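A.B. asks: If you're matching them up, the sequences are chains A and B in order.
Quick note: to get the numbering used here, add 27 to the position in the first sequence (first position is 1).
Take the second sequence: its letter number 41 is residue 34 in the numbering used here, and every next letter is one higher.
If you are wondering where the hints come from, they were derived from the structure by calculation, not from laboratory data.
All the pointers check out, no bait thrown in.
Computed Cβ-Cβ distance ranges for the label pairs, DEER-style:
1. A/Asn204 - B/Asp178: 31 to 39 Å
2. B/Asp37 - A/Asn204: 41 to 49 Å
3. A/His117 - B/Glu153: 51 to 59 Å
4. B/Gly166 - A/Gly121: 45 to 53 Å
5. B/Arg169 - A/His119: 38 to 46 Å
6. B/Pro151 - A/Gly232: 42 to 50 Å
7. B/Gly138 - A/Asn204: 50 to 58 Å
8. B/Pro24 - A/Gln118: 18 to 26 Å
9. A/His119 - B/Pro141: 49 to 57 Å
10. A/His117 - B/Arg154: 46 to 54 Å
11. B/Gly138 - A/His117: 48 to 56 Å
12. A/Pro203 - B/Pro108: 52 to 60 Å
Coverage of chain B stretches by chain A, computed from C-beta distances (three or more under 8 Å per stretch; other residues unrestricted):
13. 16 to 24
14. 27 to 33
15. 51 to 62
16. 82 to 89
17. 107 to 114
18. 117 to 129
19. 149 to 155
Only pairs whose alpha carbons sit at most 25 Å apart, straight line, appear in this in silico SDA-like list of lysine to any residue:
20. B/Lys161 - A/Gln86
21. A/Lys193 - B/Trp32
22. A/Lys249 - B/Ala13
23. A/Lys193 - A/His119
24. A/Lys193 - B/Arg124
Every value quoted in this text rests on a predicted model; they were computed, and no experiment measured them.
We put the beta carbon where it would ideally sit given N, CA and C, even for glycine.
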Amino acid sequence: MTAVTERYDPPTDATRGLHPITTDPVPEPTVQVGTTTLPMDPPYRAPLYRSSLARCPRQPLVPLPHGPTERAAPLFGEGLVRPEDADLTHQHPGEPLGERIRVTGRLLGSDGRPIAHQLVEIWQANAAGRYAHQVDQHPAPLDPNFTGTGRSLTDDQGWFSFLTIKPGAYPWRNHPNAWRPAHIHFSVFGRAFTERLVTQMYFPGDPLLEHDAIAGSVRDPKARQRMVARFDWEHTEDHWCLGYRFDVVVGGHLATPLEPAS
Amino acid sequence: MTTSTPSTATEGPSAPEHPALLPTPSQTVGPYFAIGLRWLTRPDLVPPGSPGALRLIGRVLDAEGRPVPDAVLELWQADPEGRFPPESAPGWTGFGRCPTDEEGRFAFTTVVPGPVGPGQAPHADLSVFARGLVQRLLTRVYFPGADPERDPVLAAVPPERRATLLAKPEGPGTLRFDVHLAGEDETVFFAW
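Kindly generate the complete structure, drawing on both the sequences and the hints.
C.D. replies: Here you go:
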């Protein structure tokens, strides 16, 4: 695992206990195409992310030729999602506490084309950093007016837009005094089953980001930046909400398709 | 599995209409995905008891053989004629989503998919998402009767590991497909 710790070397801070986990050394799964070893980022075995250790595969991944099953994708037609499902601030009788934000972005393929009429699902903590989930025992208040769940179909040009509340940071048990940076979970479908993606959107300037084992599971710093939204004046509304822009790009996993699309 | 290869996109008169983009990296669904994903829980691709319906059951187990109670699986397959939406049979979505229970168990109701191409044995793609998985794991469920020598994907799998991809009959109308994330019987997972 030395290669991994060389490639991602977060700011060391002994008081935060954020160190590569060195127990249970196993080979990192790699992708073999012919004689080439393709890089995986993030790798399943994330050295700083404790929960990955017992759940990451040990054997090499087998390249999957893209057949008809992989080239098709689920379709979610009109009627499944209502326009109001994209507004997380009006799901209860009152308004949630916190900083109102609008997150706008496009769902795009790595070929640059917009992905229209496809499903985007989001979930998040409330402004205090607490999830409306029974397992979350963080001693921060629940907000009776905030569930933290939204969904939307993209429009003709791949656009989505959610009105929500800026989530708070929250503690977790990965290591002593571990805190997740504020984030919104994004789950998207693409034009092919290979384009299915779940990721997390982070906020610009968050001091916790460089200390986070999950964001840090992505070794390439430039790739990590692609998970960070940017502040967006265009969608910031006077006396109403701040705007953030977050585009989601899917596809492009294997360097070249193993089987040409027919 | 995003690569760090820089985009070749350029600005200017010769820039293509849709410049290539680098993908957004994957992240874990975390422990609280249910609040975002359970609304679309769809264990039944066909109504239980309908003609040809079978139960596809299994467990998700970690490297130590412990059940994984906080995973969610997504099944994707062709209809009995080998077709996908929008060409498939009316009402066919081909898509299933099922969280695991306290014992790591899941159960779908589906049908044997038709052949989707020359030599392709009947199969479904299966994604596994969970806390601890920074990317989904992708595997294939092969239905009984698959010929490993003819199916191009099975043929590329080391022979001693192929059995992990074969759903096994377990009583009338029931198939078992356990997912071993790691360990001695580790399921074959694919890169895509």
